[in-house]
Amino acid sequence: MEHTAPETPVRFETSPEQYRHWRLEFPTVAGCAPGSVARIVMDVVEEGGMRPGYVLKLNSYDLGVDIELADTIQRIRFEHPAVRAVVVTSGKDRIFCSGANIYMLGSSTHPFKVNFCKYTNETRLYLEELSEASGIPVLAALNGTASGGGYELAVACDEILLQDDGNSAVSLPEAPLLAVLPGTGGLTRVTDKRKVRRDLADVFSTLAEGVRGRRAIEWRLVDEVASRSRFDAAVSARLAKLVARAARNATGEGMHLAPLTPTRTENRTEYRYVTVAIDPARALAEITLKAPDAPQAETSEGLRAAGCAQWNVAAWRELDDALLDLRFNHLNIGLLVLRTVGDGESVRAADRALLKLVDEGDWLAREVLLLRKRVLKRLDLSAKSLFALIEPGSAFAGSFFEIALAADRVFMRDEDGTAIGLSPMNFGPLPMPNGLTRLATRFLYDPSIVTKLQGEGDLLDAGDALKRGLVTFAPDPIDWDDEVRVAIEERTSLSPDAMTGMEANLRFAGPETMETKIFGRLSAWQNWIFQRPNAVGPRGALTMYGRPERAVFDHRRT
Amino acid sequence: MSSVVNDTKIPNNVNLSADKRLQRALEEWQPDFIKWWMEMGPEGFQTDDVYLRTAVSVDHEGWAHFDYVKMPDYRWGIFLTEPEANRAIGFGDEFGKPVWQQVPGEHRNTLRRLIVTQGDTEPASVEQQRLLGLTCPSLYDLRNLFQVNVEEGRHLWAMVYLLHSYFGRDGREEAEALLERRSGDPDKPRILTTFNEPCDNWLSFFMFTFFTDRDGKYQLLALAESAFDPLARTTRFMLTEEAHHMFVGETGVLRVVQRACELTKLDPNGDARAQGGIDLNTIQRYMNFWFSSSLGLFGGEVSSNAASFFASGLKGRAKEEQYEDHLALTATMAIPHVKEGRIVDENVPLRMAMNEVLRDDYVADCQRGVDKWNRAIKEAGVDFTLTLPHRRFNREVGLYAGLHFDPQGNLITADEWNARKHEWLPTEADRAYVKSLMTKPVYEPGKMAHWIAPPKQGIKGRPVDFEYVRHPAQ
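Residue numbers (the numbering used here), protein chains in the order written: chain A, 113 to 670; chain B, 43 to 516.
Source of the hints: derived by calculation from the structure; they are not laboratory data. Treat the hints with caution; some may be incorrect.
[As the list claims (entries may be wrong)] For lysine-lysine, the following DSS-like pairs were computed, each having C-alpha atoms within a straight-line distance of at most 25 Å:
id, chain 1, residue 1, chain 2, residue 2
1, B, K112, B, K77
2, A, K485, A, K629
3, B, K361, B, K139
4, A, K169, B, K381
5, B, K230, A, K204
6, B, K307, B, K489
7, B, K112, B, K502
8, B, K489, B, K502
9, B, K381, A, K204
[What the hints assert, rightly or not] Facing chain B, a subset of chain A residues (Cβ under 7 Å, in silico):
id, residue
10, E271
11, G278
12, A320
13, S339
14, R340
15, S341
16, G658
17, P660
18, R662
Where is the CB? At the ideal position from N, CA and C, for every residue including glycine.
This is chain A alone, in the form it adopts within the complex (with noise of 0.2 Å):
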């Protein structure tokens, strides 16, 4: 059962004509203005998994499923300017979402199981990114039980209405029931987000059969439970009030996110604005971005006209799918080289024409900032190594700089016309998720530097770049190829495995957040749980789930 490289590559576009698994719905709710409410319906289709071998039963998830929530969400964002409000709920009776299929986890690689993972986490920021950066609060309507990734999916939403009819709970049987733990951020989410106490989170979390009803309600689990008969006009007023709070004030048209069209061949994609070229025998991608090649739009109306196909949206999207395509279908690429071609002073342009709509209240202006936020995030996030190459041509400015700043290593070559810059872009607009812009977790010791680095509004050669702390190293053109040579080869050389832990240590210097805390208790204790015997031995719960026989422990605690 076990696959090592997938058969068929992963594939992250779709569009809501090709769900099969939500309906993105605009219903009619008292109270709330014509198409001010998104319902997203949960509807899994059983035989709709991505790979054969497993049935998506009781609403459970694949990674396919959630492709399509994460492009719900992003749709609701870019093309639904009416929404002031979401409501995630299941088209199935008296069940939401019972959590990631386990038959599709018990048969997926360990890299598989941790990617998957990782992306369905980074959706359910987004979706609570819907409620916080983008004003479009989120309501989970659990029409029925959410056990598991299903309850998980719920704490990442704002609020949460429970139907009570004596059977539908709230749960997280993954340690009673599979020896793993809730691998979407719940047990953070529970104590963080929704405050639960303590012991009454150990209690609900070794608790197969969950919580239902008032007690849900007492132990913080869920904020509000309704009979049937009274549910939809529960949901309906919880909705009536969301849209009345809601920050978003979007107006006009939005704008359409259509297909990318990269041309792949076998180690090279080519999209618009990315381009990336495998070199498997050096274990490596080099990722290539271009500046921008005409000047981006400087008011709403250019905004808007220009569509999808700018640089300000498509170089963003683009570069999300490039590293999605290499987290789960490159498996064995370790090291990421990041370029960048073009005239820096075109991106710095860029970033200034667009933070100038956003401070002028454009919705749509802060959409293709947040969507850049969230890209560079993904970047940050990604377990692989990232060595940036600066060389005569390249256009590492501003929201560029950035991608300099999310890598491991800066390489900047000490020549003629090799240059960096800084934009606002650089101070504030795209955090990353430890709550600092790169900047201040680079000179977390001392933070003047940054205050400092504000005033630099001219290009930085090799030597300023490098006197000021904003690249590693700045080898002549004499050593350049050899230095690069060497680094490179000494990294893949290392232990992927040391080196992703490394790198996750690194990179997220100073403070927690609850999205620090999630990733970082992912990669470290359910990475760790689902190497281990107990899980995926021979009698481990996970391999056993499912089978006549039942798990047998290693009992030894440190």
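Add chain B to chain A, keeping to what the hints say.
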């Protein structure tokens, strides 16, 4: 040997008075139970004297006492069969080890769920049947209905005893919740679908006691094997009472069948309906519905829960001692799956197929009853055979849910299903017709409604025309 105490509030053979905490808990629950009984028990007969049997001991001989009693005064008691010395676990991974007198922590939640699910069906059926008395076909049948009802009530007590004794606060809360859910109530339905189906006419009642209570019998047989000894002993005694429920269903349908035959022959066109009876085709359609609905109660054909219940010793097979291999680790069972529009057998590890093993026994047991009905039809000289539909027919749970099969088990399209389902399942017209026969109760001793034959004999040596229920004249 534990002695039976019958002079306390709660008759029992579990030495209740020695466990003050438990006694107090049950005595606190009792008024809520009575309140539930008055609200949801048989409507309109609570002050009547009913000739009922009451369990008074667990001896094979003379375990029950027969006398007139008003139902709210019925002495619902707690009886477990006598403990079996050195009983060992009879199946699963713990095979051969001593049975448990306390709940192992590892299985606490699962066992509680099993007990709650079983317990929930008991009051549910009383609720489903609460209006039937108002249209009873005879005093004899009315009494049988109430006998079934009070014993379902006692079975609820049996499950509540386990919840109170062994499951702490959670158990007490679950015991309360058993009285709060209501059959068919959209807001607080009973746990299993079949127990929310209306049972609003006597044909359905007989079918229910034959088919659905028989599922109960097989669930009890499986739980009677449990490694949790108090559960095993409780369910073993419940089975003693359950036999009467099977009898009510089997003879009830038999008498409707007999009458259908008489009226068929009486009618010049062989149409029992024209003679004011229930025709055999309608009986067949009711059978098809209740059999298929009850089959769902056994759960999925391939079930990891069933495997885990078996592995951990919680729930065995009916009469586990008849099998040689009590581990069931290597054996498989061929289960027909639907693959690309065709039905193909797939070998499933036996433990995963435990629901199907139990369903097999159930289907065979149902067939025995149907055979008796067919003998009666033959004896009456009518050319008709009642047939159990195929187990794939009309299923809402398991491998065949969401697909369509004819009563012979052939895969058909949704269009064919919609075009023909009225031939196979009771139609609105059938239901309306059956109800139209049952608008008035028959309270005169010995008299039968027109659509049903009298029973062969009365209860406990009493004649058929005995006044089994003393109901004041209207």
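Evaluated hints:
no.: 1; hint: K112/B - K77/B; result: holds, 15 Å
no.: 2; hint: K485/A - K629/A; result: holds, 19 Å
no.: 3; hint: K361/B - K139/B; result: holds, 18 Å
no.: 4; hint: K169/A - K381/B; result: holds, 17 Å
no.: 5; hint: K230/B - K204/A; result: holds, 18 Å
no.: 6; hint: K307/B - K489/B; result: holds, 22 Å
no.: 7; hint: K112/B - K502/B; result: holds, 18 Å
no.: 8; hint: K489/B - K502/B; result: holds, 19 Å
no.: 9; hint: K381/B - K204/A; result: holds, 24 Å
no.: 10; hint: E271; result: violated, 21 Å
no.: 11; hint: G278; result: holds, 5 Å
no.: 12; hint: A320; result: holds, 6 Å
no.: 13; hint: S339; result: holds, 4 Å
no.: 14; hint: R340; result: holds, 5 Å
no.: 15; hint: S341; result: holds, 5 Å
no.: 16; hint: G658; result: holds, 4 Å
no.: 17; hint: P660; result: holds, 3 Å
no.: 18; hint: R662; result: holds, 5 Å
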